[in-house]
Amino acid sequence: AQSVTQLGSHVSVSEGALVLLRCNYSSSVPPYLFWYVQYPNQGLQLLLKYTSAATLVKGINGFEAEFKKSETSFHLTKPSAHMSDAAEYFCAVSATSGNTGKLIFGQGTTLQVKP
Amino acid sequence: EPEVTQTPSHQVTQMGQEVILRCVPISNHLYFYWYRQILGQKVEFLVSFYNNEISEKSEIFDDQFSVERPDGSNFTLKIRSTKLEDSAMYFCASKGGAGWQETQYFGPGTRLLVL
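The listed protein sequences derive, respectively, from chains A and B. Just so we're aligned: the first sequence equals residues 1 to 115 in the working numbering. Just so we're aligned: the second sequence equals residues 1 to 115 in the working numbering.
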């Protein structure tokens, strides 16, 4: 069975500092991986996704993530945090069992950005 | 930009009452999903729907739950007799294609509180 683990339920950084949100996956087949962001009172918005075309994936708002098979990781990074990045971030894998492509989510990480 | 919408944004109901959560997926999408997030827990898959029938459902999706697409635009989730443990945020999602790499687009959610 596939699963996703996000290390750290809360991450706090200063404005301008590096953002690193960790995601590790478990999958017996090549995974399709997604990062979503949820701003207060809004739905889940896709930041980026890995579909095997390239291991370094660039997304919206300056975020990127690198797929590392050897480490079973797909960590999300941003070089310089902005106050507007404060939100909850979800890593997810598309389940390849069955044919519906349901998403299996990690626990989520709340990012706090301090001035 | 097309988006998934959900109504109501908040609903409070008494235990044992029926609730219907409504979603309008993106118009040319064919695959529809419901997920829920109990406070402090992961986003969990409930059910997927394609070609006017359920394509997959989770263990959570028991006989108290049902889905339908009554008019070609709305996608509803009904809980027949709500329980306290049904209190959660319910997200609707849709995607256009069948592939596991296809992006699911999420609505803003309905926060359900069962008293």
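Hints are computed from structural coordinates only; laboratory data are not their basis. Glycine included, C-beta positions come from ideal geometry on N, C-alpha and C. Please note: incorrect hints may appear among the correct ones.
To be verified - Using 30 Å as the maximum straight-line C-alpha spacing, the simulated DSS-like pairs for lysine-lysine come out as follows: (1) B:83 to B:42; (2) B:78 to B:42; (3) B:57 to B:42; (4) A:114 to B:83; (5) A:58 to B:83; (6) A:69 to B:78; (7) B:78 to A:68; (8) A:69 to A:49; (9) B:83 to A:49; (10) A:49 to A:114; (11) A:49 to B:42.
As the list claims (entries may be wrong) - Far from chain A, some chain B residues (derived; all Cβ distances over 10 Å): (12) 41; (13) 43; (14) 55; (15) 95.
> Hints broken by the structure, by number, lowest first?
Replying inline: 4, 5, 6, 7, 9, 12, 13, 14 and 15
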